[in-house]
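Chemist: Based on the sequences and whatever the hints tell you, model everything.
Residue strings, one per chain:
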Amino acid sequence: MNEALLTVLIAMLGGAIRVSTPFMFVALGECLTEKSGRVNLGLEGTLVLGAMVAYATSYHTGSPWAGVVAAGCAGAALGGLHASICSLPRVNDVAVGIAMMLFGVGVAFFFGKPYIQPTAPRLGSIALGGFSDNPALRSALDVNPLFFVGIAVAALLAWGLANTRWGLIVRTVGDSAPAALAMGLSVNRVRLLSTLVGGFLAGIGGAFLSLSYPGSWNQGLSSGQGLMAVALVIFARWSPLRCVLAALLFGGAGAIGPALQSVGITQGYYFFNAAPYILTLLIMVATSSATRVSRDMPGELTMAR
Amino acid sequence: MTSLPITRRNFMKTTAAGALGASTLLSSVQRALAADLTVGIVYVGARDDFGWNQAHAVAIQALKTVPGVKVVEEENVPETDACSKSMESMINLDGAGLILATSFGYYSPFVVDLAKKYPKVEFRHAAPLWNKDKDPKNAGSYFGYLNQAHYVDGVAAGLSTKTGKIGFVAAKPIASVLSNINSVLLGARSVNPKAIVQVIFTGDWSMPVREAEAANALVDAGCDVITCHVDGPKVVIETAEKRGVMSCGHNASQAPLAPKGFITGAEYKWETIYKGFAADLAAGKPLSNFTSGGYEVDFVQNTKFGAGATPEAQKAAMAAIEGLKAKKPIYVRPLKDNKGKVVIDKTYDNLDPFLDKMDYLLEGVTGSIT
Amino acid sequence: MSGEPAVVGAMAEPSAPMGEWARRLRADAEYVVLPLAALIVAFLAFGVFLSALGKSPVDFIDYVWKGGFGSAFSFQNTLQRSAPLILTAVAVAIPARIGLIIIGGEGALVLGGFAAAAAALPLVGVLPPSLTLAIMFVVAAAVGAAWIGLAGLMRTLRGVNETISSLLLNYVGIAIMNFFVEGALRDATNPNKPSTKPIGDAYMVGKIPGTDVHWGFAVGILLAVALYILMTRTTFGFAARMTGGNPRAALAQGLPVGRIMVICTMIAGACAGLAGFYEVAAIQGRANASLAAGYGFTGILVSFLARHNPLVIVPVAILFGGLVASGGLIQRRMDLPDATVLVLQGLIFIVLLASETLYGRFPIFKPTEGAKA
Numbered sequence: 001m002n003e004a005l006l007t008v009l010i011a012m013l014g015g016a017i018r019v020s021t022p023f024m025f026v027a028l029g030e031c032l033t034e035k036s037g038r039v040n041l042g043l044e045g046t047l048v049l050g051a052m053v054a055y056a057t058s059y060h061t062g063s064p065w066a067g068v069v070a071a072g073c074a075g076a077a078l079g080g081l082h083a084s085i086c087s088l089p090r091v092n093d094v095a096v097g098i099a100m101m102l103f104g105v106g107v108a109f110f111f112g113k114p115y116i117q118p119t120a121p122r123l124g125s126i127a128l129g130g131f132s133d134n135p136a137l138r139s140a141l142d143v144n145p146l147f148f149v150g151i152a153v154a155a156l157l158a159w160g161l162a163n164t165r166w167g168l169i170v171r172t173v174g175d176s177a178p179a180a181l182a183m184g185l186s187v188n189r190v191r192l193l194s195t196l197v198g199g200f201l202a203g204i205g206g207a208f209l210s211l212s213y214p215g216s217w218n219q220g221l222s223s224g225q226g227l228m229a230v231a232l233v234i235f236a237r238w239s240p241l242r243c244v245l246a247a248l249l250f251g252g253a254g255a256i257g258p259a260l261q262s263v264g265i266t267q268g269y270y271f272f273n274a275a276p277y278i279l280t281l282l283i284m285v286a287t288s289s290a291t292r293v294s295r296d297m298p299g300e301l302t303m304a305r
Numbered sequence: 001m002t003s004l005p006i007t008r009r010n011f012m013k014t015t016a017a018g019a020l021g022a023s024t025l026l027s028s029v030q031r032a033l034a035a036d037l038t039v040g041i042v043y044v045g046a047r048d049d050f051g052w053n054q055a056h057a058v059a060i061q062a063l064k065t066v067p068g069v070k071v072v073e074e075e076n077v078p079e080t081d082a083c084s085k086s087m088e089s090m091i092n093l094d095g096a097g098l099i100l101a102t103s104f105g106y107y108s109p110f111v112v113d114l115a116k117k118y119p120k121v122e123f124r125h126a127a128p129l130w131n132k133d134k135d136p137k138n139a140g141s142y143f144g145y146l147n148q149a150h151y152v153d154g155v156a157a158g159l160s161t162k163t164g165k166i167g168f169v170a171a172k173p174i175a176s177v178l179s180n181i182n183s184v185l186l187g188a189r190s191v192n193p194k195a196i197v198q199v200i201f202t203g204d205w206s207m208p209v210r211e212a213e214a215a216n217a218l219v220d221a222g223c224d225v226i227t228c229h230v231d232g233p234k235v236v237i238e239t240a241e242k243r244g245v246m247s248c249g250h251n252a253s254q255a256p257l258a259p260k261g262f263i264t265g266a267e268y269k270w271e272t273i274y275k276g277f278a279a280d281l282a283a284g285k286p287l288s289n290f291t292s293g294g295y296e297v298d299f300v301q302n303t304k305f306g307a308g309a310t311p312e313a314q315k316a317a318m319a320a321i322e323g324l325k326a327k328k329p330i331y332v333r334p335l336k337d338n339k340g341k342v343v344i345d346k347t348y349d350n351l352d353p354f355l356d357k358m359d360y361l362l363e364g365v366t367g368s369i370t
Numbered sequence: 001m002s003g004e005p006a007v008v009g010a011m012a013e014p015s016a017p018m019g020e021w022a023r024r025l026r027a028d029a030e031y032v033v034l035p036l037a038a039l040i041v042a043f044l045a046f047g048v049f050l051s052a053l054g055k056s057p058v059d060f061i062d063y064v065w066k067g068g069f070g071s072a073f074s075f076q077n078t079l080q081r082s083a084p085l086i087l088t089a090v091a092v093a094i095p096a097r098i099g100l101i102i103i104g105g106e107g108a109l110v111l112g113g114f115a116a117a118a119a120a121l122p123l124v125g126v127l128p129p130s131l132t133l134a135i136m137f138v139v140a141a142a143v144g145a146a147w148i149g150l151a152g153l154m155r156t157l158r159g160v161n162e163t164i165s166s167l168l169l170n171y172v173g174i175a176i177m178n179f180f181v182e183g184a185l186r187d188a189t190n191p192n193k194p195s196t197k198p199i200g201d202a203y204m205v206g207k208i209p210g211t212d213v214h215w216g217f218a219v220g221i222l223l224a225v226a227l228y229i230l231m232t233r234t235t236f237g238f239a240a241r242m243t244g245g246n247p248r249a250a251l252a253q254g255l256p257v258g259r260i261m262v263i264c265t266m267i268a269g270a271c272a273g274l275a276g277f278y279e280v281a282a283i284q285g286r287a288n289a290s291l292a293a294g295y296g297f298t299g300i301l302v303s304f305l306a307r308h309n310p311l312v313i314v315p316v317a318i319l320f321g322g323l324v325a326s327g328g329l330i331q332r333r334m335d336l337p338d339a340t341v342l343v344l345q346g347l348i349f350i351v352l353l354a355s356e357t358l359y360g361r362f363p364i365f366k367p368t369e370g371a372k373a
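Residue numbers (our numbering), protein chains in the order written: chain A, 1 to 305; chain B, 1 to 370; chain C, 1 to 373.
Hints in this document: simulated from the structure, not taken from any laboratory.
Possibly wrong hints are sitting among the right ones.
[As the list claims (entries may be wrong)] Here are some chain C residues the structure puts well away from chain B; computed CB gaps all over 10 Å:
# : residue
1 : Trp21
2 : Lys197
3 : Arg241
4 : Gly258
5 : Ile283
6 : Leu323
[What the hints assert, rightly or not] Computed cross-link-like contacts, EDC-like style, restricted to lysine to aspartate or glutamate with a CA-CA straight-line distance of at most 16 Å:
# : chain 1 : residue 1 : chain 2 : residue 2
7 : B       : Lys116    : C       : Asp201
8 : C       : Lys207    : B       : Asp113
9 : C       : Lys197    : C       : Asp187
Source: prediction; values computed, not measured.
Ideal Cβ placement from N, Cα and C applies to all residues, glycine included.
Modeler: Below is the structure:
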């Protein structure tokens, strides 16, 4: 019994680290975008496009890190497209997000076809578990550097939003466009920049999917992770550090299903697979309120009205 | 005001009659002249998924080399009305005389209804579903008993494994998947009586992240050979290779993905069947309605051995293949399921339909169906 | 910042007869000309994309026509494919008119279809087909209504954003369907594809006489028309529009904003559930994983393109049905991957959304105030 529990816990640890990384990057990107007052639902498309671009670039250049950078740029490009359309008056950003999702996924699959067969060089990992004899623990602690990059980005974002002038600008634009205008800020330009950076981060998240875990490119790669990340940001109440924790939670939850099966608990695996979504719903219901708009929610978001 | 001479009803009747007439003409031409035959094939996923669809796509290439045969392909056709329309489109707009429907869910009601509607077009479906009493005569089934190749996988894995645990990543607990799992177990136990198989179900045919998680969980649980039955085994095989364990493939050849750990793989040899269809049609012979078999008719094959297969394992596997070609049965009584109930009470011939209804895991398989 | 819910189909108050019609025509023409222009721009952009790949855009248009509209077979193919889209698009349109963006049609469709198949289980062979189908119809609508109504309820009572909650409900709904279809309600005689027991040919919804298109298409059109009338000509519709325009003012007026939200989401869910009913009763004959075929998501697209106007949804759904129908031919003849149609859809969507900003900018559509007598 104890061994089984240990196996499940180690698997959850490994899953939390592995599966959370793309969530983290997409959530951080979306967090920044939403802090500036815009919702980008198109990150699912950015994720898939980033994965494809990363794999293709790594294949052609032989360098997986070049793939990561290229993925970021592709993500930024999609983000820029999203932002420029949304900056036109009377355009609904939720709808544009869904459009970008379709477009991004379509373009990724379209150009990605020739890359399903070949094998591209993958990102290496840092073996942190060398101290242990347990091969499961060693594998769980086989961490990709991007995981640490993600945490660093989260810390940077959190600090930057709270303490720098840039952070203040972004937050003002996100909380109240009239106040920002009164300060002489260009609302659209700030949002464009944050959506660009947000897209860049999401692209890197996609690169992780195809170049590290599961480390393969094909048409079924993302199962709604981009959209989940949007829910994750709400779940984390728009704090970059809480985004990291939420990503770890979702990643761990994703690993429960297979882990439980491996120790013999096999009932109802569908519900384990649906657990993250149910969890998010419950949290949303518990923490939202009909009358009070949450203090954490940037005031300019469509969702706040 | 004059009324239009062509009412919609008339237009459709004429078109329908025209289409029927055209296809009648077409198939009689086929039969008489061994001339142009258009074969339409429909895939449920991407042609290059390193798995189920790729196996069909690669095999159909063999047909393209046959003179007088044209092949039209359509991929990513879901198992909804869309497949019915795709097939109809191939008949009406491309003049297809033979339709190959490669995904399980295409048959009922889509292939059956279309076969009734176009009696001069032949429809063949890649699963053993054709019922000679209820279904139209121009429909039929073709199938390879992949579990025989999985049995050979099991034999090779049973001798290659050092921990005695073989991991199996499975999509859904349906009969053909369960038969594959059980066959791996029986193959392994035929050479290594203490071997066990551990199975994890991902819940769907193609879920890369979950497949990777399952593969990792199996390795963590001590399995040192991983195999699978999912639509695209690429992720499972690559994950196994990354963890440094051995692997067995499925559906298509994944050998290039695991240069160090690949043992062998269970592959369909659809081209035997497809070439047979083309030859029959060219000679004007009617196509058989139920074409199925395993090693004894060359409908399945095993991938060439990789670096993970020891010479001993290879020898045993080749011997197993010879045995299967001679129709040596896999399911030999008595066998219990992993809940203790006796489920195989007599020795079944490898093609016995009783085995097509399998809904249990044999004793020696760790895992559960629900 | 952009993001006002689109207040669609604004109708001018009738004042004087003949000149009034001309004036309204010019104003409303904007709603036809601009989307059409956007569509043309999108196709042109896609044509450039194709040329860059060495494929002929002219061939593409030719195959879209041949595969989607050019023959009786193709056209009926299109109509059949547009049937679920009409229903799922209306499911997005109705809440959108009160400012709620619901993207949960997929989950409601799946659950509605599943519920219909489940309801059929004790009835097949016991009750006659017409009665069974009627019961299945009601059950599917009710379950779908409850599902999306849940999102509406969460929004009213707890302020939970309906876009995200309906999105999450999609996944939960599909999981529920899978759980039952593969478990308790699984048809034991069908070992290889988990489904509910088939309802049998005698119990299926038939085709519209003389055509190859099932009744779901006709019912979809009827519903679209009925809901259009509801939203534009009834008191409820008027109240709903006020809620959509300015919830706070509506509240101040004493309108039961919460109740309107829940009712609208329930109507939406019922439509999506019916789409599921037709998938089961007219096409598949049983419920299984094939229900989740993406109709819900395409419906979102269709609704936005139709600017959430149920009447316009019908032709837009047919257009989309045609695009999807021709996809197969394009794959086969032009050797393009199936993702091609996805790219085109995304492009159309983007251009059309961008064109939203052009409304009200062209004076030609703004007739001078003061009608001529």
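Chemist: Work down the list of hints and note, for each, if the structure agrees.
Modeler: Hint by hint, here is what the structure shows:
no. : hint                : result
1   : Trp21               : holds (25 Å)
2   : Lys197              : holds (12 Å)
3   : Arg241              : holds (36 Å)
4   : Gly258              : holds (37 Å)
5   : Ile283              : violated (5 Å)
6   : Leu323              : holds (13 Å)
7   : B/Lys116 - C/Asp201 : holds (14 Å)
8   : C/Lys207 - B/Asp113 : holds (13 Å)
9   : C/Lys197 - C/Asp187 : holds (5 Å)
The structure is inconsistent with hint 5 alone, although it conforms to all the rest.
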